[in-house]
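A.B. asks: Produce the complete structure using the sequences and hints provided.
Sequence lines, in order, name chains C and A.
The first sequence begins at 1 in the working numbering and counts up by one.
The second sequence begins at 1 in the working numbering and counts up by one.
What the hints contain is simulated information worked out from the structure, not anything from laboratory work.
Check before you lean on any hint, since a few could be wrong.
What the hints assert, rightly or not - Partial list, computed: chain C residues near chain A (C-beta under 10 Å):
no., residue
1, R40
2, G43
3, F104
4, I189
5, V193
6, I202
7, L206
Glycine included, each C-beta is placed from N, C-alpha and C at the ideal position.
Number of protein chains: 2
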Amino acid sequence: MERFSSISMAVVRRLPKYHRYLSELKKNDVKRVSSQELSRITGFTASQIRQDLNCFGGFGQQGYGYNVDDLHQQISKILGLDKVYKTVIVGAGNLGQAIVNYTFFEKSGFVPQAIFDVNPRLIGLKINDIKVHDVENLESFVKDNGIDIGIICTPKSQCQKVAEALAKGGVQGIWNFAPSDVSVPDDIIVENVHLSESLFTISYLLKEREEVLKTKKY
Amino acid sequence: MERFSSISMAVVRRLPKYHRYLSELKKNDVKRVSSQELSRITGFTASQIRQDLNCFGGFGQQGYGYNVDDLHQQISKILGLDKVYKTVIVGAGNLGQAIVNYTFFEKSGFVPQAIFDVNPRLIGLKINDIKVHDVENLESFVKDNGIDIGIICTPKSQCQKVAEALAKGGVQGIWNFAPSDVSVPDDIIVENVHLSESLFTISYLLKEREEVLKTKKY
DNA sequence: TAGATTGTTAATCGATTAACAATC
DNA sequence: TAGATTGTTAATCGATTAACAATC
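C.D. replies: Structure below.
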């Protein structure tokens, strides 16, 4: 989707990392942290951390640093983790089931309302207490239940059709695990998780690594 | 891992996309393609595409463009997709099973040799014809069988321990799906797939989207 | 040959880092 | 107050885009 915000995606994609590291600090009962200490933990420069945080406000205090609890809460709010979203999972294969069973998902405010599949054997079953519906009814279910986010865990061949049904049903966002791009209206957020691309990146880096090691040997 | 190559990660992460789009073109029996046409398909600028490809060689021909089959093969080779890697999957939960059952994975040259889990009920079973072993034996199995890549599909609490066993066993790379960083020697490639970060990014973008829509309304 | 399109250099843009005044 | 550390501006770096000569 087209973005209007001045916050760059580079910054946005670092926010979840800050959130995660702050959760760790909180768990370890750390009360305050400086950008320098955060730099050591995260691997980002202290300068970048201060720059990033100041996109959203002055959360620190000169001479002191940042209050861990406070900063954690601020970033939670920036990320919208205080909100609750209704989701549907399309595709009840291993990956779809993994997501339904992933408790972290629901804990973060993404509440599965239904699973959809084409397989008549699965339709009617419950997975982690969520009912499997016929994918034929996807669009109407999304519409009738005010679903916010659709999660595509189907094979590549089905993903565009599913994306269109989700879009027509009125979702705000799509989390796409199918190894293909989907085309939907511009005002719908699409986040792709292309595992094959991640895998190919490893493949490239392994090959490069071998070449480097070979060169070093001689 | 520290990298020595002059190719930037920005370029590396676009290679799998080029590969995927070229696969599509091949499937549609397209024989030649210009950087302009590729730009239309991929959304990258034609200039960037030519720039990227020329990091690896002059694959095109002035006045003609690129031969689809040839370019596809060249990129396959650059990505190391002609190689075969032995892999193990650690964690036989839904996600681990999803990967074992993901045929694309094996087709790309990543051949699962074993699955590991702590659960005694699973140990000894076969999933997609791959045997589940006791995670106690992970390090020795990796060593004895010359495993190249370890795939971590365990909960967060186990991932560092597993990463260390993989490293000691001698893997070249780790594909980490646990929502936490792992610390291993510098010469091991680590590729993280942090689904929670992807999820939080959606959460942020949805919130931003709502704010934009609200502003536009008035 | 003329037209098309690459390969490559130069210009621009954006993101990261450095520096330091403000201030707790 | 003195020391520490932020918030913010300016400088640097790297990545993207534009331009065009080379050439098929």
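A.B. asks: With reference to the structure, classify each hint as holding or not holding.
C.D. replies: Now the hints, each set against the structure:
Restraint check, R40/C versus chain A: the minimum CB separation of about 13 Å is more than 10 Å; hint violated. The closest approach between the C-beta of G43/C and any C-beta of chain A is roughly 9 Å, which is under the 10 Å cut-off, so the hint is satisfied. At a threshold of 10 Å, the smallest CB-CB gap from F104/C to chain A is about 6 Å, leaving the interface hint in force. Below 10 Å, beta-carbon pairs count as interface contacts, and I189/C has one with chain A at about 5 Å; its hint therefore holds.
Interface restraint check for V193/C: the shortest CB-CB distance to chain A comes to about 6 Å, inside 10 Å, so the restraint holds. Of the supplied interface hints, the one on I202/C holds, with its beta-carbon coming within about 5 Å of a beta-carbon of chain A, less than 10 Å. Interface restraint check for L206/C: the shortest CB-CB distance to chain A comes to about 5 Å, inside 10 Å, so the restraint holds.
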